[in-house]
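Asks: So you can see what is in the structure, the chains are spelled out below.
2 protein chains.
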Amino acid sequence: MKGILFVVSGPSGVGKGTVLEEVFRQDKKLKFSVSATTREPRPGEVDGVNYFFVSPEKFDSMIDNGEFLEWAHVHDSRYGTPRGFVEKTLNEGFDCVLDIDVQGALNVMKNWEGGVYIFMAPPAFEDLEKRLRNRHTEDEGRIKERIETARWELTKVKEYDYTVVNDVVEKAAEKVRAIIEAERSRTGRVDLRFD
Amino acid sequence: MKGILFVVSGPSGVGKGTVLEEVFRQDKKLKFSVSATTREPRPGEVDGVNYFFVSPEKFDSMIDNGEFLEWAHVHDSRYGTPRGFVEKTLNEGFDCVLDIDVQGALNVMKNWEGGVYIFMAPPAFEDLEKRLRNRHTEDEGRIKERIETARWELTKVKEYDYTVVNDVVEKAAEKVRAIIEAERSRTGRVDLRFD
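Sequence lines, in order, name chains A and B. Take the first sequence: its letters are residues 1 to 195, numbered as in this note's numbering. Take the second sequence: its letters are residues 1 to 195, numbered as in this note's numbering.
Don't read these hints as lab results, they were simulated from the structure. All the pointers check out, no bait thrown in.
Here are some chain A residues pointing at chain B (derived, C-beta under 7 Å): (1) Y160; (2) Y162; (3) T187.
Only some residues are given here: those of chain B computed to face chain A with a beta carbon under 10 Å: (4) A121; (5) L154; (6) A178.
Every residue, glycine too, gets a C-beta built ideally from N, C-alpha and C.
Bound-form chain A, shown alone:
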């Protein structure tokens, strides 16, 4: 049976990555979607494992050919989710997880039939602001920009099937795991042989 596409997104600073690491540690049947990017590989990064590293020209042609479920500019590079990789993973029977921003998730909703959409939310808006500021890696202007984006992103929660509040990482991971398990138990996905 084909796998299920899970799209996990939420505002920057909400801690999606940490929660998903915990989920992947506990669920060995999940595959992570490998993104394509135009940026240079960092030391240790492997093409096809961490990212598909492609030239800007190749990225352009992938856009033109409709090969992305979604793509976006981040700083000076572009990142995209290749439809082909997701389809292959699902066809092999693995469930596949996308970790993308809210704008990207809304695009996947438009470009993909089915899929389970999980919104990760902070316990309160102030927590998000605090987390963004505590990174100490960005100037005030950039932080304000992220906070404004987060405010817009939080208005999109109603488009998602599920909402998980990331108060404690382990609890949030448990909830994501429950959602994944429950979706695997959807009638029609469970193979019954009674004839």
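Fit chain B to the known structure of chain A by using the hints.
Replies: Frame of chain A, contents of chain B only:
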């Protein structure tokens, strides 16, 4: 926020009761729906805890007043799910579980807005037959009748949101728990305060 109604059903002999015992042991926020019955209390049974014990006349009037989400004849007695008890439990914010047969669940689907429907299935039809025969408490005619009923019940699985195969009790209980947790994480049920 109002609680969620979970309806768990499946063929006789599938082991619903044992799985649900495990689920209730682990989830203290769940309430079990108390049924009304016309049969006499057995020693130790408490009115309003194990059952609501009512006279046949009272049961008749409850039917006439539309007070049952579903009811059925079982042997010489009648059993029913009182709508009032379920509504009160949900209004108090507790999630409520009904353990009823397939015919009953189909009636609840007609009489109740919302609700999450979980079908519990045997790993194979032969398992069900074996379990029914191993009870040694019923004559061959009654067993055959139950097997025929089970065959019909299994055709109704497609009406349910979820299907859980009861191969190992602990695993089946884990799946039911995941479904309950996931439904609690549905967008709209999760309280976000961002304004």
